[in-house]
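**Q** Now for the letters of each chain:
There are 2 protein chains.
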Amino acid sequence: MTLCNRIVALAVVSFSLLSCSESVTTEQSSKKYNYVVIFADDMGYGDLGVYGHPTIKTPYLDQMAAEGQKWTNFYVGASVCTPSRAALLTGRLPIRSGMAGEHNRVLFPDSEHGLPESELTIAEQLKEGGYATACIGKWHLGHKEQYLPTNNGFDYYFGIPYSNDMDNVILQNANSYQSYFDFWKGPERQNTASFNVPLMRNTEIIERPADQNTITKRYTQEAIQYIKRNKEKPFFLYLAHNLPHVPLFASDDFRGKSLRGIYGDVVEEIDFSVGQVLNTLKDEGLAENTIVVFTSDNGPWLIMNSEGGSAGLLKDGKGSTWEGGMREPCIFWSPGNIKPGVIADLGTTMDLFATFSSLSGLEIPNDREMDSVDLSSVLFENKASDRNDMFYYRNRELYAVRLGEYKAHFITQGAYGQPAKEYHETPLLYNLNVDPSEKYDISTEHPEVLAEIEKLVEKHNSKMIKGEDQLESRTPN
Amino acid sequence: MTLCNRIVALAVVSFSLLSCSESVTTEQSSKKYNYVVIFADDMGYGDLGVYGHPTIKTPYLDQMAAEGQKWTNFYVGASVCTPSRAALLTGRLPIRSGMAGEHNRVLFPDSEHGLPESELTIAEQLKEGGYATACIGKWHLGHKEQYLPTNNGFDYYFGIPYSNDMDNVILQNANSYQSYFDFWKGPERQNTASFNVPLMRNTEIIERPADQNTITKRYTQEAIQYIKRNKEKPFFLYLAHNLPHVPLFASDDFRGKSLRGIYGDVVEEIDFSVGQVLNTLKDEGLAENTIVVFTSDNGPWLIMNSEGGSAGLLKDGKGSTWEGGMREPCIFWSPGNIKPGVIADLGTTMDLFATFSSLSGLEIPNDREMDSVDLSSVLFENKASDRNDMFYYRNRELYAVRLGEYKAHFITQGAYGQPAKEYHETPLLYNLNVDPSEKYDISTEHPEVLAEIEKLVEKHNSKMIKGEDQLESRTPN
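Those sequence lines, one after another, are chains A and B. Taking this note's numbering, I'd label the letters of the first sequence as residues 10 to 486. Taking this note's numbering, I'd label the letters of the second sequence as residues 10 to 486.
Because the hints were derived from the structure by calculation, they are not lab data. Being a predicted model, the structure only gives us computed values, none of them experimental. Ideal placement from N, C-alpha and C gives every residue a C-beta, glycine not left out. Please note: incorrect hints may appear among the correct ones.
[What the hints assert, rightly or not] Just the calculated beta-carbon pair ranges, DEER-fashion: (1) D262/B to D450/A: 29 to 37 Å; (2) E390/B to P344/A: 27 to 35 Å; (3) A460/B to Q427/A: 52 to 60 Å; (4) Y449/A to E216/B: 31 to 39 Å.
[Claimed, not checked] The list that follows gives simulated cross-link-like pairs (lysine-lysine, DSS-like), each with its CA atoms no further than 27 Å apart: (5) K430/B to K324/B; (6) K226/B to K430/A; (7) K266/B to K448/A.
Let the sequences and hints guide you as you build the complete structure.
**A** This is the structure:
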């Protein structure tokens with residue numbers, strides 16, 4: 010971000026700290042769209058009714074999809090939490106910002122760093138354009154003060170700074186995955202919310218451990234209040250639920266209610282929350298002036314068995330560069346503006362940066378490589394998407410590339426090591442439109458496609474400056 | 010069927026043969042619902058947009074689901090064609106009628122028999138109740154005259170008598186599955202419709218080979234004409250598409266149009282066909298007086314690779330007793346009558362017999378074991394389904410049983426032999442609501458459920474009279 014912007018942002022943060030509420034921007038424009046991004050955590054491609062789940066009932070999201078656009082080839086920037094969130098907020102592959110780590114795939118409570126100050130977030134961008142901005146929910150881009158949302162363009166923050174399972178007890182016991190999983194099976198998991206995950210308002214810890222039984226409900230109330238408070242000015246609300254990431258919690262109204270078990274209870278509470286947000290927008294007369302996007306940060310955590318979600322017909326899940334790890338349900342909604350339908354074109358969370366900027370008349374920065382494509386002509390005119398490629402990084406290596414309907418895997422590896430990491434001299438090649446489950450390797454039939462993808466990779470690599478690994482430094486207690 | 014009914018049925022068939030058109034029943038009632046059953050062939054649980062497919066676009070079926078009930082735990086009576094169709098039409102497990110074979114899983118062009126005369130079809134039942142009845146599409150319950158639709162309660166028949174791949178050339182070359190598949194890759198597959206599958210009107214062959222490029226379109230036209238001709242009287246239309254069973258054909262308007270390749274072209278043409286049928290019902294003022302059901306005969310034929318469909322998140326496909334073989338997309342539609350929503354209750358194609366009979370005031374026969382449950386209170390009042398179990402037969406053996414949310418596998422076997430057949434001393438047990446993909450065996454945790462299922466099986470077996478194998482006799486040329 011430019012120095013000038015930075016000063017403005019810091020000034021607003023200071024104001025925010027003093028007043029304990031979001032900034033009051035004087036620049037208002039009733040013609041500007043509001044943006045609401047609802048981001049679930051570890052929800053799979055197949056976990057919503059309208060994406061094919063048989064026993065998780067999501068009437069509000071189904072209705073949102075019927076009224077809006079249901080995207081079926083929509084990606085996140087990484088298959089795990091921290092880099093995926095960095096991608097959404099910066100419009101850049103996390104390898105560029107350094108939010109993709111070689112040894113640590115995400116930030117931990119003992120991590121020292123977070124999203125570098127040099128990055129420009131979509132919140133900073135919109136704030137610069139006169140928007141009120143809020144982050145409600147999970148952050149996971151650095152829990153130390155300088156990395157918190159209020160120092161990254163958000164006027165207001167209410168939520169938890171890292172994953173909902175990142176508790177001292179858990180981490181101290183998690184010498185291996187097995188002990189990590191065993192922990193969840195113990196009594197601590199069943200009956201208490203005694204996790205030392207902090208709940209914060211702006212930069213202050215207001216509850217520790219955060220009571221996660223009511224956390225989805227409270228995020229929703231915060232979101233509704235925020236919308237009502239800001240209805241006279243353009244706003245950007247980033248509502249990032251920390252569920253259905255394990256451990257799973259649902260409020261009394263939802264616990265034990267879903268056919269799908271606790272995982273279904275949690276998704277159904279998020280669905281209800283979406284309904285409440287959309288109804289608030291309607292009731293406040295904001296629906297036609299607001300764009301709402303619903304998606305998730307990465308695929309389902311399959312090793313959690315039935316406490317993890319489903320990628321539907323896609324292969325593998327969270328942590329992998331198979332489709333199940335990085336393709337997500339995504340619904341765009343804005344009655345009267347967005348043309349309803351099913352969109353099989355390519356899109357990514359990184360594209361929200363360019364799309365919102367374009368719609369709000371803001372220029373995207375030209376001092377850095379961006380990975381953000383303006384999707385507004387797909388949304389508003391049903392035109393073909395300008396995005397034709399997708400780069401699948403794992404940690405700091407490029408594993409796979411999609412070009413049009415084809416995806417080449419240079420490296421494959423199961424989400425958690427099995428099957429083992431394998432380099433493919435001749436990349437595996439799949440036609441994702443015909444074969445979304447990545448079953449039928451067609452590399453020998455289409456050397457010309459591989460050649461084209463190799464060229465694309467060369468071009469990509471020639472411009473790649475990998476940001477310094479921000480996830481490496483940790484200070485264990 | 011009773012002797013009296015039989016005589017009436019035969020008389021009508023004779024009339025039909027003479028006039029080459031459907032019978033004109035004098036008994037008419039504007040208060041009776043019309044029934045349209047649209048039956049696809051080898052379409053998987055995951056092959057429609059509203060069931061989660063990313064690149065097959067099915068706007069008409071999606072809309073039908075939005076206006077009607079989308080069922081997510083709806084089964085067929087067998088995982089392959091002939092017995093599945095027998096189940097739908099008789100309301101009985103095919104093991105009872107003898108339409109489940111020990112060595113032959115389906116009927117072939119050299120099969121000698123078909124659905125036994127002693128069976129009462131839903132067409133015979135409704136015809137007795139004053140309905141005009143038609144079968145348009147694939148039959149596959151016996152191609153010799155006495156087994157054809159016109160001798161099984163249908164006034165009118167237009168379609169092919171067995172599967173669309175059952176051609177002399179194919180069968181003579183099909184010494185193994187491999188040669189069978191190789192055949193499809195050959196030039197015969199690509200450019201010609203030169204299959205000696207006959208197209209019939211009533212009992213007459215009118216085209217051979219049937220031109221399958223236009224067959225879906227012609228079935229649709231026949232269905233529309235039939236609806237228009239019969240709008241003054243109650244009718245039952247069984248529209249059984251012979252696609253997307255391989256070999257795949259689409260008309261000029263659809264071939265090459267889908268992102269999903271030829272399989273998608275075919276499904277999209279069927280989707281368009283459904284739209285045309287529903288629109289015809291609306292245009293003719295029949296929508297509020299007609300119940301339309303869309304489903305398929307069994308899961309996707311996975312060994313056909315990308316020319317086979319997808320079971321979505323369900324396991325395995327056609328031929329197996331895993332969920333992917335026998336759970337199907339199913340949409341019920343009747344605007345103003347059927348309460349829209351997603352239904353996760355159990356239902357089966359066999360239940361159409363009791364449901365239609367109940368709605369039309371017809372008693373179901375009491376001289377035989379029926380496997381048919383009246384679903385009308387689910388459809389019209391959103392009450393819980395009275396069906397709580399499901400029996401999964403393969404050939405003539407009981408492989409698995411579902412009771413409520415639990416499914417026990419006594420025997421498992423991959424659709425085509427691999428993994429090999431295995432008897433489980435302690436049955437595998439899955440909770441299908443929580444674990445629809447049948448991943449997490451919970452048999453050791455729930456011996457009480459297994460005990461309950463064992464009891465159910467004992468009761469089931471005590472009443473089981475297996476019908477003589479009607480699929481065994483073949484007369485090879």
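**Q** Need the list of violated hint numbers for this structure, in ascending order.
**A** 3 and 6
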